[in-house]
Each structure stands twice: as C-alpha cells, then as structure tokens.
Amino acid sequence: MVEYSSEVIEKLLKGELPISEIQKMQMEPKDPDRFDKYIKALKQHVDWDDEILMRIHEHLYIIKKENNYVVKCSCGHEFGDYRENWKLKALIFVRDRNELEELYPEPLTPEWSELREFYCPNCATLLWTEALIPGYPINFDFLPDIKAFFQEWLNKTLENVPEFKDLSSEVTESWAKNE
Amino acid sequence: MGIGWNGKSLREMLDEYEAKSESGYYYGIEELKLREDDFFKYERFYYRLLNATLEARERVKFACASPGTRELGELLFLVHAPEGEAAAISLGLMAHVTVVENVIKTIIRENYEETVGIRDGDIFVDNDPYTGGAHPADSRLIVPVFHEGELICWVGSISHELEIGGGTPGSFNPFAVESFTCGERISVERVGEKNQFYPWFIRRLRRNSRAPDLWILDERAKLSGCLIIKERIKEIIEEFGVDYFKQALRELIEEGRRDMEARIKRQLVPGKYRIPHFCPVLYKGEGVPPHADRDYIIHLPLEIEITPEAKIIFSYEGASRWGWHSFNMYPGALESALWLSLIETLLYDGRVTSGGKLQTELIRPIGSITNPDYPYAGDGIPWVILTGEISMSSLAIYLAQFARGYIEECIEIGANWASLEGGGITRFGTSFGFTNFEFSACAQGARPIEDGLVAAAAPWMPETDTGNAEIWEIVLNTASYLYRGVIRNSCGHGKFIGGPAWGSLWVSWKPTVFTIVASGSFSGMISYQPFGLMGGYPAPSWSFFIIRNPEIFEKISNGEIYPGIVELFEHTKNKGLDEEIEVRKGFANSRMAQDRSIFGIIYGGGVGYGDPIERDPEKVAEDVNNGIITEEVAKNVYGVVLEYDESKGVYSVNPDETVEMRSKIRENRKKRGRPVKEWWMEERKKIKEGKLPPYAIEMYKECIEFSEKFRDEFTKFWQISEKDIMG
Ligand SMILES: [Zn+2]
Numbered sequence: 001m002v003e004y005s006s007e008v009i010e011k012l013l014k015g016e017l018p019i020s021e022i023q024k025m026q027m028e029p030k031d032p033d034r035f036d037k038y039i040k041a042l043k044q045h046v047d048w049d050d051e052i053l054m055r056i057h058e059h060l061y062i063i064k065k066e067n068n069y070v071v072k073c074s075c076g077h078e079f080g081d082y083r084e085n086w087k088l089k090a091l092i093f094v095r096d097r098n099e100l101e102e103l104y105p106e107p108l109t110p111e112w113s114e115l116r117e118f119y120c121p122n123c124a125t126l127l128w129t130e131a132l133i134p135g136y137p138i139n140f141d142f143l144p145d146i147k148a149f150f151q152e153w154l155n156k157t158l159e160n161v162p163e164f165k166d167l168s169s170e171v172t173e174s175w176a177k178n179e
Numbered sequence: 001m002g003i004g005w006n007g008k009s010l011r012e013m014l015d016e017y018e019a020k021s022e023s024g025y026y027y028g029i030e031e032l033k034l035r036e037d038d039f040f041k042y043e044r045f046y047y048r049l050l051n052a053t054l055e056a057r058e059r060v061k062f063a064c065a066s067p068g069t070r071e072l073g074e075l076l077f078l079v080h081a082p083e084g085e086a087a088a089i090s091l092g093l094m095a096h097v098t099v100v101e102n103v104i105k106t107i108i109r110e111n112y113e114e115t116v117g118i119r120d121g122d123i124f125v126d127n128d129p130y131t132g133g134a135h136p137a138d139s140r141l142i143v144p145v146f147h148e149g150e151l152i153c154w155v156g157s158i159s160h161e162l163e164i165g166g167g168t169p170g171s172f173n174p175f176a177v178e179s180f181t182c183g184e185r186i187s188v189e190r191v192g193e194k195n196q197f198y199p200w201f202i203r204r205l206r207r208n209s210r211a212p213d214l215w216i217l218d219e220r221a222k223l224s225g226c227l228i229i230k231e232r233i234k235e236i237i238e239e240f241g242v243d244y245f246k247q248a249l250r251e252l253i254e255e256g257r258r259d260m261e262a263r264i265k266r267q268l269v270p271g272k273y274r275i276p277h278f279c280p281v282l283y284k285g286e287g288v289p290p291h292a293d294r295d296y297i298i299h300l301p302l303e304i305e306i307t308p309e310a311k312i313i314f315s316y317e318g319a320s321r322w323g324w325h326s327f328n329m330y331p332g333a334l335e336s337a338l339w340l341s342l343i344e345t346l347l348y349d350g351r352v353t354s355g356g357k358l359q360t361e362l363i364r365p366i367g368s369i370t371n372p373d374y375p376y377a378g379d380g381i382p383w384v385i386l387t388g389e390i391s392m393s394s395l396a397i398y399l400a401q402f403a404r405g406y407i408e409e410c411i412e413i414g415a416n417w418a419s420l421e422g423g424g425i426t427r428f429g430t431s432f433g434f435t436n437f438e439f440s441a442c443a444q445g446a447r448p449i450e451d452g453l454v455a456a457a458a459p460w461m462p463e464t465d466t467g468n469a470e471i472w473e474i475v476l477n478t479a480s481y482l483y484r485g486v487i488r489n490s491c492g493h494g495k496f497i498g499g500p501a502w503g504s505l506w507v508s509w510k511p512t513v514f515t516i517v518a519s520g521s522f523s524g525m526i527s528y529q530p531f532g533l534m535g536g537y538p539a540p541s542w543s544f545f546i547i548r549n550p551e552i553f554e555k556i557s558n559g560e561i562y563p564g565i566v567e568l569f570e571h572t573k574n575k576g577l578d579e580e581i582e583v584r585k586g587f588a589n590s591r592m593a594q595d596r597s598i599f600g601i602i603y604g605g606g607v608g609y610g611d612p613i614e615r616d617p618e619k620v621a622e623d624v625n626n627g628i629i630t631e632e633v634a635k636n637v638y639g640v641v642l643e644y645d646e647s648k649g650v651y652s653v654n655p656d657e658t659v660e661m662r663s664k665i666r667e668n669r670k671k672r673g674r675p676v677k678e679w680w681m682e683e684r685k686k687i688k689e690g691k692l693p694p695y696a697i698e699m700y701k702e703c704i705e706f707s708e709k710f711r712d713e714f715t716k717f718w719q720i721s722e723k724d725i726m727g
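Top line first, the protein sequences correspond to chains A and B.
Numbering of the first sequence is given in the numbering used here, commencing with residue 1 and proceeding in unit increments.
Numbering of the second sequence is given in the numbering used here, commencing with residue 1 and proceeding in unit increments.
There is no bait here: all hints are sound.
EDC-like, lysine to aspartate or glutamate: derived pairs with alpha carbons at most 16 angstroms apart:
| hint | chain 1 | residue 1 | chain 2 | residue 2 |
| --- | --- | --- | --- | --- |
| 1 | B | K688 | A | E179 |
| 2 | A | K30 | B | E261 |
| 3 | B | K265 | A | D33 |
| 4 | B | K272 | A | E163 |
| 5 | B | K723 | B | E708 |
| 6 | B | K677 | A | E173 |
| 7 | B | K272 | A | E84 |
| 8 | B | K685 | A | E173 |
| 9 | B | K510 | B | D595 |
| 10 | A | K165 | B | E305 |
| 11 | B | K635 | A | E102 |
| 12 | B | K716 | A | E170 |
| 13 | A | K89 | B | E678 |
| 14 | B | K194 | B | D122 |
| 15 | A | K30 | B | D259 |
| 16 | B | K677 | A | E84 |
| 17 | B | K265 | A | D36 |
| 18 | B | K677 | A | E170 |
| 19 | A | K147 | B | E305 |
| 20 | B | K635 | A | E101 |
| 21 | B | K716 | A | E84 |
| 22 | A | K165 | B | E303 |
Just a sample of chain A residues kept apart from chain B, beta carbon distances all over 12 angstroms, derived:
| hint | residue |
| --- | --- |
| 23 | D49 |
| 24 | D50 |
| 25 | V70 |
| 26 | G76 |
| 27 | T157 |
| 28 | E159 |
| 29 | N160 |
Calculated from the structure, these hints are not laboratory results.
Note that the coordinates shown come from a computational prediction; the quantities given were computed from them, not determined experimentally.
Every residue, glycine too, gets a C-beta built ideally from N, C-alpha and C.
Take these sequences, add in the hints, and give me the full structure.
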C-alpha cells in the first residue's frame with residue numbers, strides 16, 4: 001500500500017514538491033490515507049483555527065462552526081451555509097467587450113458569452129470566473145454530499161450534519177422579497 | 001442450436017447478460033474465482049489478450065493504413081465477449097471503447113444469426129451513428145472468432161477516415177442538416193466472407209469518397225489487424241483451454257467494474273457537480289437549407305451526481321432539442337464520451353473493460369440533442385459537442401479529486417480543437433479531399449500544481465501529436481504549410497496557465513477547384529470552458545481565417561511580412577487592410593481558395609487555474625520572454641511590472657512595482673466588483689423587460705418550453721414567472 005509522510009503532503013500542498021517527485025506520485029496507486037493527511041496539512045496553511053472539513057477551492061474551505069457548516073475564505077471571510085452557492089455572496093464584475101480584449105487577442109475574443117468574475121469581498125482575491133450566456137443563472141459548480149462522504153465513505157461520525165440539499169434559491173427568494 | 005457458448009444463441013446470451021447484470025455485477029459474477037485461484041496465471045492471460053490488440057495496432061498502422069491513421073494512430077482494436085462487452089482494448093482511439101459493443105448488439109438483436117448466418121471468416125462494417133457510433137467518419141470493422149463451431153468472442157476495430165464523401169469534402173460534413181448528406185453510410189453490413197472483402201464493397205468505397213484509397217487502405221489495415229488478433233486468440237485458447245478463456249473473459253469485465261467502483265470511492269466526493277455549457281451554431285448565410293439558415297446556441301447543461309453508492313449519473317435534463325444541424329448525438333456516442341472521461345481521469349492505469357460502465361448512468365431526454373427522436377437527424381460531426389463533454393466531465397472530476405486532496409491528479413482534458421477540411425480538383429485534374437488531423441494536439445488545462453501543456457493531446461486519443469507537416473501536405477494536395485506556432489495571450493490566464501493556443505497557416509497553390517470547410521469544438525463566439533478553475537480564466541475557443549488577395553502572399557515571399565499568424569494580423573491591421581482577412585469565429589462552409597490564397601486556423605487554449613496575481617512573477621517574465629503573453633497582459637492581468645534590458649533582449653521583474661501593481665489590482669477589484677445581489681436585481685429587470693440578447697432569449701425560451709427542470713431552475717433563480725420570459 002502506498003503511503004506518504006505528512007511532510008510530503010505538506011510540500012505538495014505548498015507547491016514545494018519537485019515535479020519529478022510528483023510524477024512518481026502520479027504513477028503510483030493512490031494512497032488511501034491522503035484525505036486525513038491533507039486536512040492536517042491544511043491547518044498549517046490557514047491563519048484561523050476552525051475545524052476544516054473539506055477544501056473545495058484554492059482559497060475556500062467548508063468548516064464546522066458550532067452547528068453550522070460554513071464556507072470560509074483563507075483570509076477569514078465567511079460566506080455562510082455551504083449549501084448556498086457562495087458566489088451569491090461574493091463581489092461580481094462582468095467584463096464588457098473592451099475589457100475582454102485585455103485578456104485575449106482579437107481574433108479569439110468571445111462575443112456571445114459573458115465573462116463574470118467573482119471576488120472575495122474581504123481580500124479581493126479572484127475566486128472564480130464563469131463564461132455563460134447573458135441571463136444564465138449563476139452556476140453552483142459543486143455541492144458535496146458531506147453526510148454521505150463522511151459517514152458512508154469515510155466511516156466517521158459527524159454531528160448535526162444538515163440534509164444534502166441545494167439552498168441557493170432561498171437566497172434569491174429572500175432578495176426578491178425585500179426588493 | 002445457437003452459435004454462442006454451449007449451444008446458446010447469441011440472442012439468448014445477450015438476454016441472459018442483461019438479466020444477470022441487474023444484480024449490479026457484470027453477468028452476475030460475484031466472485032473472481034480465476035483471479036483468486038491463481039493471480040499470476042490470470043494476469044498473464046489478460047496481458048496476452050491485451051498485447052494481441054496492441055500488436056495488431058502497431059503492426060498494421062505502418063504497413064497498410066492511410067496517412068491519418070499512420071501519423072496519429074487513429075486506430076483501435078478490441079476483444080469483445082459474444083454478447084458485446086469489451087474485455088481488452090488497445091491504445092489509440094480510446095474514445096470508442098463502447099461503440100463496437102453497440103454494433104455487435106445490433107447484429108444480435110436484428111438476428112443475423114438466423115436470417116443470414118454468422119460464419120468464421122465473415123467481415124462486418126458499420127459507420128452509422130444511429131447504431132451507436134459517434135459520426136460516419138468512424139468506421140468499425142468486426143469479425144467473429146470461432147473455436148470448434150462456437151462463437152468464442154468478437155474482434156473489433158475502428159479508424160477515423162479522412163474523406164467519406166457527402167456534401168462537403170472531408171470527413172465531418174459540418175453543414176449537413178440531415179443524415180442523408182453526412183457522407184457514405186454503412187449500417188451494420190456484412191462486407192466480406194472467408195476473410196476477403198466483397199469486390200462490390202471495395203467498389204462502393206471507391207465510388208463514394210473523394211480520396212477512396214485512404215479509406216480502402218484503412219479497411220484493409222483493420223482487417224489485417226483483426227486477423228492477427230484471431231491468430232493470437234487461437235494460441236491463447238491452446239495454452240489456457242477454452243473453458244478458462246470463457247470464464248476469464250467474464251471475470252475481466254467484472255473486474256473492470258469493481259476497479260471503477262473502488263476508484264470512485266477512493267478518489268472522488270459524492271455530491272452534485274454542474275457544468276452548463278453551450279455550442280453556437282453559425283449557419284446563417286452559409287448555404288444551408290432555409291429551415292436551418294440561422295445562428296443560435298445549443299444548451300448543454302451537464303449535471304453529474306456521484307451517489308453514496310459510488311455510481312456516477314450524468315444528466316442532460318434541460319438540453320436543447322435536436323436540430324437541423326450536424327451535431328446531433330445518438331445514444332452510443334455520448335455514453336462513450338462520458339465513459340472515456342472517467343477512463344482518462346480515474347482508470348488510466350486500471351482495468352479498462354466495458355464493466356466499469358455498469359457504475360455509470362446516463363440521462364438523455366428523448367427528443368433532445370442527446371437523444372433525437374428522429375432517425376435522420378444530422379450526425380456528421382457530433383464530436384463538436386462530444387469532445388466537449390469529455391472535457392466538461394473532467395472538470396467535475398477535477399473538483400472532486402481536488403476536494404479529496406489528490407491535487408496531483410486534477411486535470412482538465414483539453415479538447416479545444418478545430419478542423420481544416422477541404423477538397424476539389426488538383427492542377428493535375430485528380431480529385432482530392434482531406435481532414436487535417438493536426439488539431440489532435442489540443443492545449444491542456446492548468447493543474448493545481450503546474451501549467452497546462454501546449455499542443456499536447458486529444459481526449460479521443462491521448463498519445464497523439466500534430467503529425468508531420470510534410471505528411472499532411474501529401475493529403476492536402478494543393479496547399480503547403482507556411483507556419484505553425486503559439487498564439488500570444490491565448491492561454492487561460494491564472495496562477496498556473498492553461499496551455500496556450502497554437503495555429504497553422506497554409507497557402508494554396510494553383511488548384512483547379514479547392515474549397516475549404518472549417519469546424520470544431522464549441523466555436524470562438526464563446527469561451528471554450530464554462531468556467532475557469534479557482535479564479536483562473538477560461539480559454540478562448542478557435543477561429544478560422546482566409547486571405548484571398550495574392551499580393552499578401554507576394555509580400556511574404558519577398559520578405560516584407562513574416563509568415564506568422566500574429567504578424568499577419570498585425571500587418572493587415574497596421575496597413576488598414578483589415579478587410580483583406582475574413583475571420584470566422586466558427587464554422588465556415590466551402591470557402592473557395594484560389595491560387596496563393598492564405599488561410600489558417602487558431603486552435604483554442606486550455607483553462608487557467610488560480611488568481612493570475614498569485615502567479616510567480618519570475619514565471620510571468622519567462623512567459624513574456626517566451627512569447628506566451630505580452631508585456632501589457634503581464635502588467636494588467638498578472639500585475640507584474642517588467643523591465644526590458646535592450647542589450648540582452650530580455651524582460652526581468654521589477655519587484656517593488658509589481659507589489660504595488662498587485663495591490664492596485666486588488667483595490668480596483670473592490671471598486672468595480674458589486675455585491676451579487678445588486679447585479680441580480682438589474683439582470684432580473686433586464687430579463688423581465690426582454691432586454692437580453694436575442695440569441696439568449698431564444699435559447700431560454702426553447703429550453704424552458706422543452707424541460708420542466710430547466711424552467712424551474714431558471715425561474716427560481718431569477719424569481720420570475722414563466723410568463724416573464726416566454727412573453
Ligand atoms: Zn478572502
């Protein structure tokens with residue numbers, strides 16, 4: 001069975017593992033205890049102490065805070081319940097055509113899709129970009145089933161795990177109400 | 001008595017397989033007895049079988065195949081159980097793992113066994129997508145293998161043909177709006193006996209292709225390869241015994257399923273992944289029939305659910321209806337594409353058999369583009385979409401493996417391709433037609449640990465490359481290469497950049513008649529990926545261009561213009577000659593090339609990863625020095641201020657100004673970024689007032705009418721009524 005030391009996983013996470021080592025890693029079967037070592041390494045990676053359940057993004061984590069499961073940025077900003085699309089609570093910027101040409105050369109500049117950029121309201125990191133047709137609902141890219149993952153796949157007990165359900169439309173519903 | 005195992009008919013075997021596989025195990029096999037009894041014997045058996053397919057591919061590729069097959073290895077060999085499931089698969093055109101299976105199942109369901117009989121030495125060919133393939137360019141050749149009167153297994157093969165007739169030259173027919181003009185169609189036919197093609201089959205290929213020798217060569221190559229495998233199977237049966245052969249075949253397929261199940265649980269996270277994406281259809285004014293003559297967008301909302309039971313469900317609920325275009329997908333092809341994405345991300349070093357497919361489910365709404373309820377829908381080039389599906393699915397697997405901590409495994413399988421096809425009559429009066437397959441070297445997406453590769457691989461055939469320009473010139477006939485190179489600023493920007501786009505430039509030389517057709521994955525009117533990764537940007541998609549004024553070529557000849565794509569665009573812009581270039585960010589139908597016309601394609605790029613202002617400034621300087629991005633983009637997008645050393649001709653980082661620039665970018669983001677709620681209010685108003693672009697309104701209306709699920713999602717997100725959008 002393949003196993004790596006915590007140091008190796010930490011180096012991988014920080015981008016300090018030489019590419020030759022990474023290639024060896026890619027050729028081996030996967031190490032079954034990776035998730036635990038990874039979560040442990042992540043604790044060194046952020047400045048706050050909340051319990052990390054899962055890393056869903058370069059900068060975003062699902063953390064457990066009292067009885068809530070919350071999305072939190074590495075800078076400390078919290079986006080609320082992980083079942084609500086975190087993008088709805090970010091800052092948004094949509095590029096116009098001239099601003100698109102800042103990115104791509106003219107013969108390749110897209111014309112029919114709109115490029116949306118989402119920033120963290122606190123640290124202003126560019127967290128996500130999506131290129132969708134104007135009017136398309138903001139995409140909820142990934143909603144993990146935390147309950148099944150921890151309880152059924154990892155055999156771990158988690159308390160007060162909320163039901164696996166996309167709650168994003170409740171956010172827009174509340175917006176429409178207080179319009 | 002049937003020709004299947006133990007006197008059963010093939011039909012009985014297929015029914016039995018289907019009934020027994022309901023248990024969740026392939027053929028109901030709950031124990032891998034042979035594997036447990038003698039692991040090494042079992043492994044030896046598998047590798048003997050696998051090596052037979054590999055040997056066949058390597059031997060015939062160079063001996064008797066067309067330049068396309070030879071250059072890129074667009075060829076695949078497989079061994080199938082009598083009821084159709086694959087047990088061993090060669091390298092090569094892996095996108096087709098499950099499609100031969102569909103042909104075999106058609107042979108069985110249509111009861112060829114009783115009506116005409118199936119005998120040793122028979123040859124079957126099929127290229128009909130309706131039977132389960134992707135498009136007519138993929139020709140499948142299948143032979144039965146008999147042992148003492150029993151059909152012991154099938155050997156199958158696939159190659160992509162470069163010219164199959166049809167309305168436009170090449171193999172894709174991207175402007176065919178019904179199946180009838182998509183090229184020659186061979187629908188599950190016996191085309192030979194006693195290991196020999198019927199002379200009328202060869203005659204048929206000769207009469208129905210603009211470059212028939214290429215097709216005929218490939219059919220011969222595949223037949224030779226199948227015969228090699230047949231010989232090897234005889235040797236394997238001699239060594240292991242026929243009972244072992246039968247049982248091992250089944251265990252291998254079931255083992256493929258178990259391997260898949262174990263990897264899903266080990267490497268992924270259960271949950272929902274959504275990758276909505278779009279394919280523009282640019283047909284307006286392109287010489288198609290009136291009912292197809294419009295520009296519009298196909299909606300492809302891919303939702304992937306990984307269940308607690310380690311099943312992967314791919315759903316296309318909400319997808320557009322099938323349409324009057326050439327990109328409609330019949331069942332087998334889509335299944336194959338999605339399954340391929342799992343092979344390439346999860347199973348690449350595992351047991352690849354049909355078994356793993358039992359862990360997946362595909363929801364294709366009837367009447368949608370993923371499941372047309374009209375048997376003659378245009379199906380010339382659904383790869384326009386299918387290759388995208390492989391990419392999109394890999395994005396979901398990317399997010400899952402990232403969350404699981406296997407960041408070294410995250411990969412966006414880049415399939416941002418475009419095809420140059422053409423044909424006509426050479427100056428010698430001979431016919432020609434081709435598909436230039438150099439596009440197989442697609443840019444790949446960035447990974448959480450490193451940049452994406454440039455000109456690297458194609459999902460449908462991972463080990464491919466561009467092929468030699470000199471070999472392509474043989475099939476291009478009246479055109480020569482002027483240039484191949486990377487296009488500046490075309491990567492998906494990010495902390496790690498996606499592979500930049502590259503492009504080619506050609507000049508035509510004294511053709512009698514030469515028309516060019518361009519097609520490819522989601523066209524340049526949109527970004528290729530629906531999102532960038534973790535703050536990286538998506539990559540632009542491809543475009544085609546042509547310059548007919550022969551003076552431009554004269555300027556290249558006398559050294560006034562360097563024959564690079566970027567240089568050519570800069571020259572025409574600076575000289576106010578913009579109108580000399582026709583740029584098409586999408587499909588181009590039958591563009592006439594005259595003597596010394598210049599034309600080119602810029603293939604798309606790979607997706608970026610992470611916020612660009614987190615990219616190591618030294619790497620950004622390197623990118624500028626390597627011509628990947630410009631100094632301007634380095635500053636505005638990456639926040640890296642560079643200094644140019646004229647004596648050395650290189651850029652280096654100004655660290656202080658870079659720190660300042662990057663904090664300025666952050667400040668600027670806070671200024672231009674608005675709370676989503678504010679933006680949402682405004683957009684909602686626009687939707688209610690019908691102020692979206694017409695192509696967007698048209699797409700929403702069509703999909704809301706067609707799909708309840710999409711209607712609910714759309715109206716709930718915007719908190720509007722159906723009437724607000726439908727009017
Ligand atoms: Zn933040």
